[in-house]
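Colleague: The lines below spell out each chain.
There are 2 protein chains.
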Amino acid sequence: MNATDFVKRLLVGRKLASTQLGETLLPKRIALPVFASDALSSVAYAPDEILLTLSLAGMAGFAFSWEIALAVAVVMLIVVMSYRQTVHAYPSGGGDYEVATVNLGPNAGVVVASALLVDYVLTVAVSVSSGVQNAKAMMPFLAGNEGLWAAAVILALMAMNLRGVRESGSFFAVPTYGFLIGVLGMTAWGLFRILGLGENLQAPTASYEVVGSPAYEPFIGLAMVVLLARAFSSGCAALTGVEAISNGVPAFREPKSHNAATTLAMLGGIAITMFGGIVLLANLTGLKLIDPDGHSHFLDTGVPVDVAHETVMGQLARTIFDTFPVGFFFVITATMIILFLAANTAFNGFPVLGSILARDGFLPRMLHTRGDRLAYSNGIFVLAMAAVGLVVVFNANVTALIQLYVVGVFVSFTISQFGMTRHWTRHLKTETDPRNRARMLRSRAINTVGLAGTGIVLIIVLASKFVYGAYQAVLAMAVLFVVMRSIKAHYQKVARETAVGAMDARLLPSRVRAVILVQEVNKPTMRAVNFARATRTSSIEAVTVAVDEAETREIVAKWDEQGLDLALKVISSPYREVTGPFVNYVRGIRSDNPRDVVCVYIPEYIVGHWWEQLLHNQTALIVRTRLNFMQGVMVTSVPYQLASSKYAFDRAERNSAAAWRRPGTGQVRVGDFNEPGRRE
Amino acid sequence: MNATDFVKRLLVGRKLASTQLGETLLPKRIALPVFASDALSSVAYAPDEILLTLSLAGMAGFAFSWEIALAVAVVMLIVVMSYRQTVHAYPSGGGDYEVATVNLGPNAGVVVASALLVDYVLTVAVSVSSGVQNAKAMMPFLAGNEGLWAAAVILALMAMNLRGVRESGSFFAVPTYGFLIGVLGMTAWGLFRILGLGENLQAPTASYEVVGSPAYEPFIGLAMVVLLARAFSSGCAALTGVEAISNGVPAFREPKSHNAATTLAMLGGIAITMFGGIVLLANLTGLKLIDPDGHSHFLDTGVPVDVAHETVMGQLARTIFDTFPVGFFFVITATMIILFLAANTAFNGFPVLGSILARDGFLPRMLHTRGDRLAYSNGIFVLAMAAVGLVVVFNANVTALIQLYVVGVFVSFTISQFGMTRHWTRHLKTETDPRNRARMLRSRAINTVGLAGTGIVLIIVLASKFVYGAYQAVLAMAVLFVVMRSIKAHYQKVARETAVGAMDARLLPSRVRAVILVQEVNKPTMRAVNFARATRTSSIEAVTVAVDEAETREIVAKWDEQGLDLALKVISSPYREVTGPFVNYVRGIRSDNPRDVVCVYIPEYIVGHWWEQLLHNQTALIVRTRLNFMQGVMVTSVPYQLASSKYAFDRAERNSAAAWRRPGTGQVRVGDFNEPGRRE
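Heads up: the protein sequence lines correspond to chains C and P, in order. Residue 52 in this note's numbering sits at position 52 of the first sequence, with consecutive numbering throughout. Residue 281 in this note's numbering sits at position 281 of the second sequence, with consecutive numbering throughout.
Excised from the complex, chain C in its bound form (with noise of 0.2 Å):
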């Protein structure tokens, strides 16, 4: 095992067979963390995100995030009632696509898929950032060059996934319990403390009086409504991670669809709970946040700077815990570590949904393949890339990326809540069954309530947000529509291309010509030269280009050296070139039998380093690629294995290969679908 081996262990581990895929399966104690630590950690950034809208109207502003909060969980109370109905109904991990595929069609699902490719994305984007800038209460030099460590971050993220589901599921339990604990102590703590002890607790902003943007005050009328959608709008952020459970209930353990249902009320009562807790005790303390762009102030101006941008987690734990620094500290890293893990949701649900996607024919098949580990690589990669590419370009400024956030989602809900109210119209036009036609009429009445809200929201959402940034991911779900059409286009064309006629299985070609492109009379081509005449096809050829006349006087004198009964025949070359007149001499072929099929053999160099590429088989490259655009001709590579070539077969088997034959697992078996042939 080399050093590239033991990282490449270390951070993927073992590979797991398809048999082993039972094992990967999620108990709820288990699920709850690795499907809702989205949802649950946006309680760290979606009550700032409410403040600092505010703000903007000064202190006027600051007396509206409870209502503001209120509608936040009256929303979030729909959509878990709304998604338990598409747990029981769809349990089968298509999620809001499969629904809206199934009962709107594949249009409508193109449109969530986009939607929530997208918001995958900018939940890794917004959950890193976001963790970032918490952390920054802790690790004041972090600030600065957020991006990048933000990026560090997505980047190990993304090795952790590569090593599968189940590993994550364990590896991620811990903290966001601990979180769990952290937020809703905290919360216990302070306001024991403010009510029970009646102790006067200020935030370190409690102090400091806020000056709006001219624009909002005074903060009634046209103004004071655009403001709190706004803040609305940014506060429903809170609400992203929902629809994760419902996309992977495969993951759950039997009865996988209750389970699911199951962690999903729990996800949405904790939620409610802490988020409800942490604008109840920011309202307590005074706490006050401004806008990082500048918008709104604060009039004391003596205020230090990194207090004034500390996020409300902060500097409610700095409050709180004035006395308990441990308490603190627990806060801080708890909130910081379910951050990072709440992009594990996206990690968990983007390759899943690419590979349901890609399985569709709506994106490259390879995306459909599994890696050597059972997660998806490949959808693990691409979603790494673009999230780091976020965060980067945003240097994780999580007010700027919230702009964008949150459209895909409530897009993916309304019309999935719509396929929802037709899926229930549909299966009550046939069952008759009293006890399930009112457990249906029951469902529908949720999907509609559901429907309905979600379908204001997305209303508010993208009316609000649209210029500060959302167009920027409309944009991105219309290019990804676009591509995604285009894709499955691309795929349905060659299917029809393609489809097996009657008479294809018997268009025999009457005979087989062989031709053998001759550049130098060594092994490779004496190798090319035997392989070639034990096929056996009807007629055989040997051909050289006469580039330069010295060298070609020499190949066919060594050739003649060898004692073929092979000819080997000389195409001048008016322009010192190989390809044009082979090409050409094997067209001519071609065109003087056009029943006949020509089989040309190309020897070809098998070297073992990228750099010994650039030295050899150019030509048969070239001429391989031109003969591949003729009618009836295929190309044969007779591969000659350079003593150097060892070291990267060694390399390529030790990765793969080898793993076939470990005793038990994967030894070759012919499989018992149909059977003359079997082997052994």
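Derived by calculation from the structure, the hints in this document are not laboratory data. Any given hint could be a false lead.
Identical chains blur together in the list; that is why a pair holds if it fits in one copy or across any two.
With a straight-line Cα cutoff of 25 Å, these simulated BS3-like cross-link-like pairs (lysine-lysine) come out [to be verified]:
1) K488 / K558
2) K523 / K558
3) K493 / K523
4) K136 / K256
5) K136 / K488
6) K256 / K28
7) K136 / K493
8) K256 / K493
9) K523 / K646
10) K488 / K256
For chain C, the structure is supplied; the task is to place chain P on it using the hints.
Modeller: Same frame as chain C, but now just chain P:
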């Protein structure tokens, strides 16, 4: 003809057939501008570099410009005399490389080649940079982006050279002769006005005092020797390019050697005259330059910066043609153009040398192949890219670039002269005719003087410039030397490894077993099956890998529908991967039947656009790569041309194959080296 073709035709011109090569031979009047522009154009920067180096000693330094110029002229004379012997002795155009290889062995040859390759790149970089610097006298807007302008000029030169040698000659003759007339005319007119009419012509900088670097005041002893050596070394830039003629002998008309020697003598005479004239005028007009890096400066700080940095040529033309602005513009324009054309010398020499080195196995073989045009397109491209890199990094600063220059030329001069003395000594051993012996003795004496002269200059150049930048050139040569030796060693190793043995032509495998990789049941797969069956191999199997159970059942069902009398084998894939199990299956066949050969048939989709490649053939590519490492396995691609490939095919045809069908040129002919299998 589409737009791309039109542009290509415009830039690269029509193809030339092998038989047209004679037409590209050069008469002396064309050969002079083509090969001599480098040496001639250096009068536009060599005097500058002498003066600005001397300026480090303040006013005392300028007094030595005459002595330095004289020394350079003497070396020029020696080198020209020496190379006249070389063009007679080695008319094949290998030049210094051939002389060194034949007389001193391949390692000496590779040293010379490394030196020349580096210096060709520097010739382009220095000449074009100087051209841009001189052009600033007319076009001040160039200032600031000199590097980018120089890069643009190099790219334009590249495009012109890709058109071929002959057009270059005609194209470049007019401006070269224009430069000759301009400079000689300016010199004559200036001398006439000063000496004949007794006018007091003063350069714009004549009235300024120059303050040197403290290191060189007082200007005596070691400091003086060191500085004069540096000034002389920079002045020796005037000598580069002389070897271009000896490398270019085959491009001359018959009698080649005689014409080349005559051209060389003309070149030497003209260059010395121009060089001497410029330095004389600079002295007479009191012209002064300062070091652009700021080690020397004018005492009068009121000098406008643009005058202070104006080149010698610019200042002289301004002074002498003070009443005749047309003369000023003519000289500056001609200077600019000749400097750009000087780079053309390298564009003539570099690709020829690269091709010779590729022929001898020191560079990748593909550099030996001629492109569409008779010029060596690959070499031209590599040279242009390297020079563009240099001018961009150095921002076309001639004084910085000149520190790297000259070393390479004198390395090859010295080794080549050493080789020439060996050459004559060897021939004198067998020569008995007294007249021939006398001529050879005279030649040997000249080359011995040449060896001594160039050897001394090489030592001076190395010692005086090493730390100022020459070490970079030496490093580049060392790297090139190692790379070229390694490439040669690689080719030799491969040649030994692949040399045909007595038995190679008789190692016929006992049977060929065909294996068809089935991933879908469609036309491409059916074509592969039909082609494989038509080939009549000893056995034939169709194999699919069961990645997904449902998919596999569908494939098997469709296969059975086809009614082929060929069973489809199914290989289980515990890791849901195609490559590993398939490769292992083939390995099993091989180890069960070690004397047989396996031929794997893979259907391949031929598409029209690069992005379609991402959607197809990925598995085929990976399988092929893995199988290539296996002994006794050949891989046959059976291409299936999708409708979209038509466009790409047409484009490829237009770009190359079409030319082979032009009446009269390039019809496919079966040559007359050996004949039994003649077609038609």
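Colleague: All hints, please: hold or fail.
Modeller: Hints, verified against the model:
Proximity of K488 and K558 under a CA criterion of 25 Å is satisfied inter-copy only: 22 Å between copies versus 54 Å inside one chain copy. In this homomeric assembly, K523 and K558 come within 25 Å of each other (Cα to Cα) only inside a single copy, at 12 Å, whereas the closest approach across copies is 43 Å. Within a single copy, K493 and K523 get their C-alpha atoms only as close as 44 Å, which misses the 25 Å cut-off; across copies the closest is 13 Å, which meets it. In this homomeric assembly, K136 and K256 never come within 25 Å of each other (Cα to Cα): the closest approach is 40 Å inside a single copy and 78 Å across copies.
In the homo-oligomer, the alpha carbons of K136 and K488 never lie at most 25 Å apart, since the shortest distance is 45 Å inside one protomer and 57 Å across protomers. Proximity of K256 to K28 under the C-alpha cut-off of 25 Å is restricted to the intra-copy arrangement: shortest distance 10 Å within a copy versus 90 Å between copies. Taking the shortest Cα distances, K136 and K493 never come within 25 Å of each other, neither inside one copy (53 Å) nor across copies (59 Å). Taking the closest pair of Cα atoms, K256 and K493 never come within 25 Å of each other, the shortest separation being 38 Å inside a single copy and 63 Å across copies.
In this homomeric assembly, K523 and K646 come within 25 Å of each other (Cα to Cα) only inside a single copy, at 17 Å, whereas the closest approach across copies is 37 Å. Taking the shortest Cα distances, K488 and K256 never come within 25 Å of each other, neither inside one copy (31 Å) nor across copies (65 Å).
Of the numbered hints given earlier, the model fails hints 4, 5, 7, 8 and 10; all others are met.
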